[in-house]
Amino acid sequence: MITLIKRTFKSGWKNCSREKGLVFANIFILVLAISTLTSLFLLKDVSQFLISSIREKIDISVYFKLDTTEEDIIRIKEEVAKIPEVKEVQYVSQEEALASFSNKHKDDPILMQSLDEIGNNPFYASLSIRAFEASQYQAVADFLNNSSFTGLVEKVDYYQRKPVIEKIFSFVSNMNTIGIVFSLLLVIIAVSIAFNTIRLAIYSSREEIKIQRLVGASNWFIRGPFLVQGAICGFFASLICLVLFTLLTWIFGPKMEFLFPGLNLFTFFIANFWLIVLIQMASGVGLGVVSSLIAVRRHLKI
Amino acid sequence: MIKFQNVSKIYSPKAAALDGVSFEVKEKEFVSIVGKSGSGKTTLFKLILAEEKPTSGRIFFDSQEVQKIKTKELPELRRKIGAVFQDYKLLHSKTVYENIAYAMEVIGASDQEVKRDVAEALEIVGLTNRTNNFPVELSGGEKQRVAIARALIHRPEVILADEPTGNLDPYNTLDIMRLLLKINEAGTTVVLATHNRDIINSLDKRVITLQDGKIIRDEENGRFIL
Chain A
0 MITLIKRTFK SGWKNCSREK GLVFANIFIL VLAISTLTSL FLLKDVSQFL
50 ISSIREKIDI SVYFKLDTTE EDIIRIKEEV AKIPEVKEVQ YVSQEEALAS
100 FSNKHKDDPI LMQSLDEIGN NPFYASLSIR AFEASQYQAV ADFLNNSSFT
150 GLVEKVDYYQ RKPVIEKIFS FVSNMNTIGI VFSLLLVIIA VSIAFNTIRL
200 AIYSSREEIK IQRLVGASNW FIRGPFLVQG AICGFFASLI CLVLFTLLTW
250 IFGPKMEFLF PGLNLFTFFI ANFWLIVLIQ MASGVGLGVV SSLIAVRRHL
300 KI
Chain B
0 MIKFQNVSKI YSPKAAALDG VSFEVKEKEF VSIVGKSGSG KTTLFKLILA
50 EEKPTSGRIF FDSQEVQKIK TKELPELRRK IGAVFQDYKL LHSKTVYENI
100 AYAMEVIGAS DQEVKRDVAE ALEIVGLTNR TNNFPVELSG GEKQRVAIAR
150 ALIHRPEVIL ADEPTGNLDP YNTLDIMRLL LKINEAGTTV VLATHNRDII
200 NSLDKRVITL QDGKIIRDEE NGRFIL
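Read top to bottom, the protein sequences are chains A and B. Here the first sequence is numbered in numbering that gives the first Met the number 0, starting from 0 and rising by one per residue. Here the second sequence is numbered in numbering that gives the first Met the number 0, starting from 0 and rising by one per residue.
Hints are supplied without guarantee of correctness; some may be wrong.
Pairs of lysine-lysine residues, derived as DSSO-like cross-links and limited to a Cα-Cα distance of at most 27 Å, are as follows [what the hints assert, rightly or not]:
#	chain 1	residue 1	chain 2	residue 2
1	A	Lys209	B	Lys52
2	B	Lys52	A	Lys5
3	B	Lys67	A	Lys300
4	B	Lys79	B	Lys13
5	B	Lys79	A	Lys209
6	A	Lys209	B	Lys114
No wet-lab data here; the hints were simulated from the structure.
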């Protein structure tokens with residue numbers, strides 16, 4: 000048994016070293032397939048990050064009349080926080096609203112001058128309310144309009160923002176579905192190309208397989224070296240991909256972080272390094288071995 | 000040992016490669032099959048190796064019906080047979096040494112046995128200086144000798160030799176025939192298909208003559224008559 004295993008590995012390795020052109024072509028195609036899978040894994044994280052940052056930006060605000068006391072607003076805030084649909088409530092005082100506006104428009108002298116001319120703080124104190132789902136904002140708005148403190152409320156901006164909120168949520172949900180379908184499609188294409196390349200490579204050996212059968216080799220004796228060859232191609236393709244992605248995320252990670260603060264692909268890559276190694280090795284070696292197994296099978300019928 | 004019972008092989012309705020062929024080859028026998036090109040010699044070998052199935056009739060090898068052997072169990076049958084093919088059927092991705100060693104590796108011989116026997120076989124067929132060459136680097140005669148060495152190496156019960164001297168010069172032809180006779184004397188059954196009149200006439204062994212897929216003559220101590 001040990002002799003058989005040794006011979007199988009030796010023969011697989013020899014085949015690789017003698018058919019370099021074919022092996023390079025197989026490795027190249029496998030690199031493409033593994034890169035697709037790794038990219039999808041990384042993009043899944045990027046898209047989750049983007050989706051959640053879009054969701055984070057959606058909220059509705061309840062503006063209170065100028066004579067409402069801070070105690071009342073804090074009490075209302077606690078009431079609102081108890082609503083099951085509400086994820087987060089944030090109190091923005093008049094002073095904070097003014098400071099935020101001034102900070103945002105400090106480079107716009109006309110706006111700042113207008114603010115000075117008004118003389119007092121024109122901003123309302125408000126509560127920023129964030130719900131779990133877009134559909135839940137209606138329930139929150141209804142609660143605010145029918146509660147005991149409705150008289151203190153100056154305005155709820157839900158009705159103005161409703162179409163935009165729904166559009167964003169539907170866009171995000173569509174993007175999710177499109178992403179999944181597109182990813183599946185890419186995986187199918189990548190796997191099919193890799194499988195067909197290996198199948199073609201083995202097709203060119205069909206005469207050898209026939210001869211091996213005629214001189215009395217068992218199916219596993221014939222299959223073995225092809226599987227080893229597939230595994231070797233997969234292993235080297237995975238290594239190439241690992242180096243490639245380490246470099247790419249290292250180079251482009253900081254640049255992406257500049258565009259999307261808080262998202263550094265290199266940090267994510269390093270944090271998930273062993274999982275990525277596992278995905279790449281499993282997909283590379285798995286694809287190589289399974290494709291070889293299926294491709295050899297059809298030539299063993301003699 | 001090998002028994003054909005009314006075997007026919009029809010590839011196209013107009014011409015039968017074999018037509019109702021019956022004969023028996025006994026253990027340790029040396030049988031020559033002669034006939035013109037297309038008379039059915041190669042088909043006959045293909046049927047023994049279960050490379051093809053007969054259209055009708057039955058073929059037995061060691062009392063086992065060949066066409067009833069499952070694909071998975073065919074290697075067992077083929078390991079009992081050493082075949083020399085007309086087109087050599089060498090493994091092009093392997094060297095001369097590896098081609099010969101392959102027949103021993105499939106039966107599970109140890110590395111020492113492989114090393115010892117392959118060296119011996121290479122010496123017998125006179126190819127010790129070609130050990131590391133690939134088939135593409137060999138002449139027709141050399142390829143033929145590799146094929147013969149591969150067929151002999153694992154000491155099969157039967158050697159099926161389809162035109163084993165077809166590409167050899169007279170000197171090498173004589174050597175190969177001497178070798179086949181020696182193997183036969185040692186107890187191995189030999190079935191030889193050839194066009195070579197001189198060889199058949201000098202052998203003085205059993206000759207089966209095929210014509211248009213039929214046996215027209217089967218004689219002990221036969222001669223090449225067509």
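Hints versus structure:
1. A:Lys209 - B:Lys52: Between Lys209 of chain A and Lys52 of chain B the Cα gap is close to 16 Å, so the pair holds against 27 Å.
2. B:Lys52 - A:Lys5: Violated: Lys52 of chain B and Lys5 of chain A sit about 35 Å apart, past 27 Å.
3. B:Lys67 - A:Lys300: holds, 15 Å
4. B:Lys79 - B:Lys13: Distance ~35 Å between Lys79 of chain B and Lys13 of chain B Cα, so the pair is violated.
5. B:Lys79 - A:Lys209: Holds, at roughly 17 Å.
6. A:Lys209 - B:Lys114: holds, 25 Å
Figure legend: structure checked against the earlier numbered hints; hints not met, in rising order: 2, 4.
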